[in-house]
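Novice: Chain by chain, the residues:
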Amino acid sequence: MSRAEPTRQRQARETHGRRAERLAEVWLRLKGYRILARRARTPHGEIDVVARKGRILAFVEVKARASQAAAIEAVTPPNRQRIERAARLWAARRQDIEECHWRFDIMAIAPGRLPHHLRDAWRPERL
Amino acid sequence: MASAISRITTFAFEGVEARPIDVQVQLSSGAPTFTIVGLPDKAVGESRERVRAAFSALGLAMPPNRVLVNLAPADMPKEGSHYDLAIALAILAAIGAAPRDSLDGVAAIGELALDGGLADTVGALPAAMGAEALGLSLVCPAACGAEAAWSGANVIAAPSLIALVNHFNGTSVLSPARPGELESEPAVADMRDVKGQEAAKRALEIAAAGGHNLMMIGPPGSGKSMLAQRLPGLLPPLSARELLEVSQIQSIAGMLQRGRLSRARPFRAPHHSASMAALVGGGIRARPGEVSLAHHGVLFLDEIPEFASQTLDALRQPLENGEAMISRANRHVRYPSRFQLIAAANPCKCGGGAGAHACRKGPSCQANYLGRISGPFMDRIDLFVDAAPVTAADLSLPPPAEGTAEIAARVRAARQVQDTRYAAAPASRRPVNADVPGPEIEAACAADGEARELLTKAAEKMALSARGYYRVLKVARTIADLDGAAAVRRLHIAEALSYRFRSSQDDARRHATGSRLSV
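Order-wise, the sequence lines are chains A and B. So for the first sequence, our numbering puts the first residue at 170; every next one is plus one. So for the second sequence, our numbering puts the first residue at 1103; every next one is plus one.
What the hints contain is simulated information worked out from the structure, not anything from laboratory work. Mixed in with the good hints there might be a few duds.
Straight-line distance between alpha carbons at most 20 Å, and here's what the computed SDA-like set of lysine to any residue pairs gives [what the hints assert, rightly or not]:
(1) Lys1297(B) with Glu1287(B)
(2) Lys1297(B) with Ser1327(B)
(3) Lys222(A) with Met1164(B)
(4) Lys200(A) with Pro1166(B)
(5) Lys1144(B) with Pro293(A)
(6) Lys222(A) with Arg1168(B)
Facing chain A, a subset of chain B residues (Cβ under 10 Å, in silico) [said to hold, decoys possible]:
(7) Arg1168
(8) Ala1507
(9) Ala1510
C-beta atoms are modelled at their ideal positions from N, C-alpha and C, and glycine is treated no differently.
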């Protein structure tokens, strides 16, 4: 994202991404999740959506691509590590989530299809 | 959230001893990591991946919790892949897939396959004995069941993790494993095949009867290896206690096939290129070496001068103490190694036989060649015998009247005499003449005046050391036992003296001075 891009193209991607995140949020709410944070910024990176359902605390990475498979693949190992570190920082500031089991999810969004919520998409090696 | 802790016992191996390890699993909230602590080595650390894969094969996900596995005592290094099963069972109990109390009084060892099957693992027998000592029952892979059941412990041998889950939930109960069969006595070559070599055969018989170390010196083709290979047939089968000790070592070394124990004494013949670690034990997991695999059996070193001299000197400690100690940075590993050494050597580098093999360099050739073996090492050998070259006349003879069966019967009788004589001896030594300390052998010999006189004279002439003196007595005692004699007499001492080491130089000197010992 920090790469230099023509402004218009960059804006288009940004809107596209925001629309995908809103869709993901709606989808999660429908499934009974409570949204705790969106675009949670930390010094280590950003988490698209943090949602909670019962004791499960889900850190959701939203990806919009031409196909769902491509969206899931787009979450690369460095991406995952960034999200894991961000999750740790984010969680450290909150007091109400101590009892929770963490989970890392991917919300894959592709045109013409319902969002695919991939639960427990990966597990951190060490945190 | 109240943390859920479940625990089960497993074992770490230190030598042949199984040390109990407490596997504790805690599930807690937080990031879903899976961590193993308690000094795991690479194979133990990788058990996370195997457990994860086996769980998914069962259709179970790893719990969405922080999973912490502690292997206590935490300061002892854990090696090997046999911790998988204990870790998996403790996690299963922690998540409620098996009743929490089902793991009470249970120990487990075994390696998991990715499909949830249980793979063969080494050390099942010592682990089962450890479990038995603690009053626990042992869960192990089906492949190890027959071996573990020998310990007398209650052994549950399961083919897979799912079978164990069903067992603990009571849906399909596994029956206790039964001990494997005793291996039928392997067919050993018969002594009858060896023509000629009467002196060497006699020496072998004495060695077998008294557990003495023997060295055969003879040119290539004189039948030294042939004779040595026939020694196991002469030795009595392992006693029950010896069988257990030997099997424990074989279990650690992964040599027991389908739990079949064998009462035949081990016969190990390492090649002379063997490294020190191969002989006395060592390597990454401090494995038992050849000296320990030959425990209560025979270690045959063919072409002994060709062994690296450092390697041979490393054998001195096991020979003396009956145990091999492997020192590591943070611990010592001990393996028992009470073996009988049979060595064979050519008289010199050229071969030293008659005709084409004859030595062309003179006596110094022999001195140089056999001189590679250090004096202290030679000092630990009780019997030296020359294996003369076999002549064509010997080969054309009819087979000798005596075979393995006849000689073995005499050896067994002599061993029985020793068994009763040393019944009160500590269990750490073999009940044979070779292992008896000096003062005790003197009493056991009850040598008469004539015999004593000969021994004193010989000791002076041959400049016997104290150790050499007692060695002659021990060999004489064995010869007398073979004779069925209660007391050691002059002829027994005389025969024992004939098995002392004489280099050809000694012979030459003796000829020169005209003072040969009458034998």
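Novice: Given the hinted pair Lys1144(B) and Pro293(A), is their alpha-carbon gap at most 20 Å?
Specialist: Holds. Lys1144(B) to Pro293(A) sits at ~19 Å (cutoff 20 Å).
Novice: Taken at face value, is the distance from the CA of Arg1168(B) to the CA of Lys222(A) at most 20 Å?
Specialist: Between Lys222(A) and Arg1168(B) the Cα gap is close to 18 Å, so the pair holds against 20 Å.
Novice: Has the given pair, Lys1297(B) with Glu1287(B), been kept, meaning a C-alpha gap of at most 20 Å?
Specialist: 25 Å, violated
Novice: Between Lys1297(B) and Ser1327(B), is the straight-line Cα distance small enough, at 20 Å or below?
Specialist: It holds: about 14 Å lies between the C-alpha atoms, which stays within 20 Å.
Novice: Would the stated hint for Arg1168(B) survive a check requiring a Cβ distance to chain A of less than 10 Å?
Specialist: Interface hint status for Arg1168(B): holds (8 Å vs cutoff 10 Å).
Novice: Against the 20 Å threshold, does the CA-CA distance of Lys222(A) and Met1164(B) hold or violate the hint?
Specialist: With a Cα-Cα distance of about 19 Å, the restraint between Lys222(A) and Met1164(B) holds, given a limit of 20 Å.
Novice: So, Ala1510(B) near chain A? Judge it on the closest CB pair being under 10 Å.
Specialist: Since chain A brings no Cβ nearer than about 62 Å to Ala1510(B), farther than 10 Å, the hint is violated.
Novice: Does the nearest C-beta of chain A fall within a distance shorter than 10 Å of the C-beta of Ala1507(B)?
Specialist: With a closest approach of 66 Å, the Ala1507(B) hint is violated.
Novice: Does Lys200(A) pair with Pro1166(B) here, judged by a C-alpha cut-off of 20 Å?
Specialist: The given pair, whose Cα atoms are some 19 Å apart, holds under the 20 Å limit.
Hints 1, 8 and 9 from the earlier list are contradicted by this structure; the remaining hints agree with it.
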